[in-house]
Amino acid sequence: MTALAQRPTDAQPPGTLPDGIDAHRLSERRVVPLRHPLRWVITGLVLVLLLNFAQTLFTNPSWEWEKVGVWFFSPPILKGLQLTIIATAISTVVSFFGGIVVALARLSGNPVLTTLSSFYIWLFRSVPLLLVLVFLFNLGNLYPEIGVGIPFGPQFTVNTVATLTPLALGVIGLSLSEIAYSAEVVRSGLLAVDQGQHEAADALGIPKHRQFTRIVLPQALRSIVPAYVNQIIGLIKASSLLYYVSLLDLFGIAQNLGSTYPTDVIPLLVVATIWYLILTSVIAIVQYYIERFYARGSVRVLPPTPLQRLRKALGWNRAKVSAA
Amino acid sequence: MSQAIAVHNATKSYGDKTVLRGVDFSVEAGTVTVILGPSGSGKSTLLRAINHLEKLDEGFVSLNGELIGVRVKGTRLKELRPKDILRQRAKIGFVFQNFNLFPHLTILENVTEAPISHGVKAAEARENARALLARVGLSEKEADYPRQLSGGQQQRVAIARALALDPDVILFDEPTSALDPELVGEVLAVIRTLAGSGKTLIVVTHEIGFAREVADRVVFMDEGAIIEEGTPDQVLTRPAHPRTQDFLSKVLA
Chain A
1 MTALAQRPTD AQPPGTLPDG IDAHRLSERR VVPLRHPLRW VITGLVLVLL
51 LNFAQTLFTN PSWEWEKVGV WFFSPPILKG LQLTIIATAI STVVSFFGGI
101 VVALARLSGN PVLTTLSSFY IWLFRSVPLL LVLVFLFNLG NLYPEIGVGI
151 PFGPQFTVNT VATLTPLALG VIGLSLSEIA YSAEVVRSGL LAVDQGQHEA
201 ADALGIPKHR QFTRIVLPQA LRSIVPAYVN QIIGLIKASS LLYYVSLLDL
251 FGIAQNLGST YPTDVIPLLV VATIWYLILT SVIAIVQYYI ERFYARGSVR
301 VLPPTPLQRL RKALGWNRAK VSAA
Chain B
1 MSQAIAVHNA TKSYGDKTVL RGVDFSVEAG TVTVILGPSG SGKSTLLRAI
51 NHLEKLDEGF VSLNGELIGV RVKGTRLKEL RPKDILRQRA KIGFVFQNFN
101 LFPHLTILEN VTEAPISHGV KAAEARENAR ALLARVGLSE KEADYPRQLS
151 GGQQQRVAIA RALALDPDVI LFDEPTSALD PELVGEVLAV IRTLAGSGKT
201 LIVVTHEIGF AREVADRVVF MDEGAIIEEG TPDQVLTRPA HPRTQDFLSK
251 VLA
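Quick note, the sequences are listed as chains A and B, same order. Our numbering numbers the first residue of the first sequence as 1 and each following residue consecutively. Our numbering numbers the first residue of the second sequence as 1 and each following residue consecutively.
Please note that the accuracy of each hint is not assured.
Said to hold, decoys possible - One side only, chain B facing chain A, incomplete, derived with CB under 7 angstroms:
1) A90
2) F94
3) N98
4) N100
5) F102
6) P103
7) H104
8) Y145
To be verified - With a cut-off of at most 25 angstroms between alpha-carbon atoms, the simulated DSS-like pairs for lysine-lysine come out as follows:
9) A:K208 x B:K83
10) B:K55 x B:K73
11) B:K78 x B:K55
12) A:K208 x B:K91
13) B:K73 x B:K91
14) B:K55 x A:K208
Source of the hints: derived by calculation from the structure; they are not laboratory data. The model shown is predicted, which means the values in this text are computed figures rather than measured ones. The beta-carbon is built from N, C-alpha and C at its ideal position, and this holds for glycine as well.
Chain B on its own, in the form it takes in the complex:
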């Protein structure tokens, strides 16, 4: 299998605080990677750096060999113009912890907005959006507004919205952390159906059970660095590093 995402020496600090300390990281196409770690470990920053929502101080990200957000000029990396970055993002879906649906647009409009803005014809975008809403089980909600839906339903719409551009990679930033416990299952179920569909998924989550069941690879981060990575069995059942063991014992307690 080929590498879909490659991150080289991702380094980032906010003032004095170093968030990423030269992270090297790659993901095979079509696989599911789960990133675990205590809060403040830099896992969300790493995820957001992949689609350039977060600018790296040093290092770069590539998707299928194409640099994201930067280009090579001489011996240095130079940031791209916003227009070009926005175009690249069409290949990378992103699902937020707080859904971030557009509250003034209907569910259907939320899903069609991005394709239409990228030049897809309205009728075609609507047809595709209806198919996606059916896939996440929300066909009957297409005329509703986001605030009329439960948190779990909103997150499923957000997943449909991310799928609307048919991205190669979908990034999930703690997709179930803002949900009531009884709504977590329906969102995880939708993500599960995407695993093995050919899309590359990277999921930041605290759902250890989900990681064990769905992930091809688990990455454990702490203090801006990758501490340990491997199969779910390696990292979750027989963690080698004391910090991983400590984290798992706290989360599973």
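If we strip away everything but chain A, and leave its shape as in the complex, we get:
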């Protein structure tokens, strides 16, 4: 025992060994982990508060859950949901590819393109989306006709109000603003790809477009996807601004129905909340699998998906049963 205490490695022991203790037996017993009593107290407090709130969900009649059930799949709500999904989906796709184009322009090294794309990003990140939307809805006053042509030469024009439906204008507004953000997301992803990857692809003589689609973009997407999904979720919620330009999205419908049926305001807001939660959850699940796909090669072994884990757990149980 004294020999133990005299070891030079024991120069700074947190506790000295008491006399008369069997050091050998002591060393063979499992070390007791540190307890955290305060954690239990805090957990208890939080649970009590949570249960208090949960209780009101059942006891407070103003929630009117039966009306939530009635409104949840009602045609107007589903129509609003459809508009939210369509506006968001189109804007998501448009702004992703638009973002790639603007990001590439900014990284191009061509001074005109770099300046233009920087200006675009600056402009649409500075102006509130609501302002952009209202501006677009007054486009007919500013430009009664729109079109393209050779400056001071022949023109091809159409009537603004007749051509651009409110939905088209809404989607354009959302996309214009979203492209500015997604361009920065894409640019940061592209910059995160190691310079050595470009050099290796160059040294192998891989054509530039293939370098981008096969080598650079797939690696950039690994960091682009989480940030871009954040953008999409923001976009879903931003689409509720369409209400202010008289497009009835999910929030707009709930708001409108609330004025028509003032007693149902709370259940209608609950219905809208639940639908937004569902939309975000679906996106989170899709995100999980996309991220997993782009993680291949960057971790040695991919962890099993929740589904695989469930199946494994069930399979394990079955094996155990059959063995018994």
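Since the structure of chain A is provided, determine the placement of chain B on it from the hints.
Only chain B this time, still in chain A's reference frame:
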């Protein structure tokens, strides 16, 4: 034997710093040349200039008589379009110090990527890639991803990848410098099998023993210029220049 690579008056500076001071240099086809020199001597820049990863300020490089990365216009040299440079690079393999394998592609895909992008049919590219992986002793790894391999294995894949286009010349930029000491041997062994296979090899390395054993010609560079060149025996055993002697005494110490 004919000249495979000829470098004329290679001159390059980054701002005020001159990296290459008019280097003239040529390599016979089918031989192994080792470039030695202290860090910052310009040897990597010279190597990278050969496949135009590095643009020269003055001078030019030719491969089997064809100018690389430039063409003659009137009395001047004019840089080629990226498309044409990329096509020329198919004849010059390059192996990087840090491997630079594509981490999101499998080992097999890493080797087939370049041939497929140059128009080789996928099945043919895969068959050829499997033969190359067998040659570097990594057949069983074809479905793995680069990060699942050791550094030495990754560098052997990088060599197989460089061989996939069947280049005339392969350039090695310090191929063993990023490796743990016990993994250096397996990579040098693969390079050794390429020597005498008809390919022209240029290797920048600090492995003096390897240079002595495999090189047909050793080039010593310092401060952007070639100080001394000759057979391994001339340069490594009986160096004439004091700077070569100084470098060797430091490296071999």
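Hint by hint, here is what the structure shows:
Proximity of A90 (chain B) to chain A holds as hinted, the smallest CB-CB distance being about 4 angstroms (cut-off 7 angstroms). About 4 angstroms separates the beta-carbon of F94 (chain B) from the nearest beta-carbon of chain A, less than 7 angstroms, and the hint is met. Given the 7 angstroms rule on beta carbons, the hint for N98 (chain B) holds: about 6 angstroms separates it from the nearest Cβ of chain A. Interface restraint check: N100 (chain B) against chain A, minimum CB-CB distance 4 angstroms, threshold 7 angstroms, status holds.
The beta carbon of F102 (chain B) is positioned within 7 angstroms of a beta carbon in chain A (closest approach about 6 angstroms), and the interface hint is therefore held. Interface restraint check: P103 (chain B) against chain A, minimum CB-CB distance 5 angstroms, threshold 7 angstroms, status holds. For H104 (chain B), the suggested interface contact is upheld, since its CB lies about 4 angstroms from the closest CB of chain A, less than 7 angstroms. The interface hint given for Y145 (chain B) is met, as the beta carbon of that residue sits about 4 angstroms from the closest beta carbon of chain A, less than 7 angstroms.
Between K208 (chain A) and K83 (chain B) the CA atoms are separated by roughly 8 angstroms; this keeps the pair inside 25 angstroms, and the hint holds. As the CA atoms of K55 (chain B) and K73 (chain B) are separated by approximately 17 angstroms, the hinted pair is consistent with the 25 angstroms bound. With a C-alpha separation of about 11 angstroms, the suggested pair K78 (chain B) and K55 (chain B) falls inside the 25 angstroms cut-off, and the hint holds. As the CA atoms of K208 (chain A) and K91 (chain B) are separated by approximately 17 angstroms, the hinted pair is consistent with the 25 angstroms bound.
Restraint check for K73 (chain B) and K91 (chain B): satisfied, since their Cα atoms lie roughly 23 angstroms apart, inside the 25 angstroms limit. Between the alpha carbons of K55 (chain B) and K208 (chain A) the distance comes to roughly 18 angstroms, so the proposed pair stays at or under 25 angstroms and holds.
Checked against the numbered hints given earlier, the structure satisfies every one of them.
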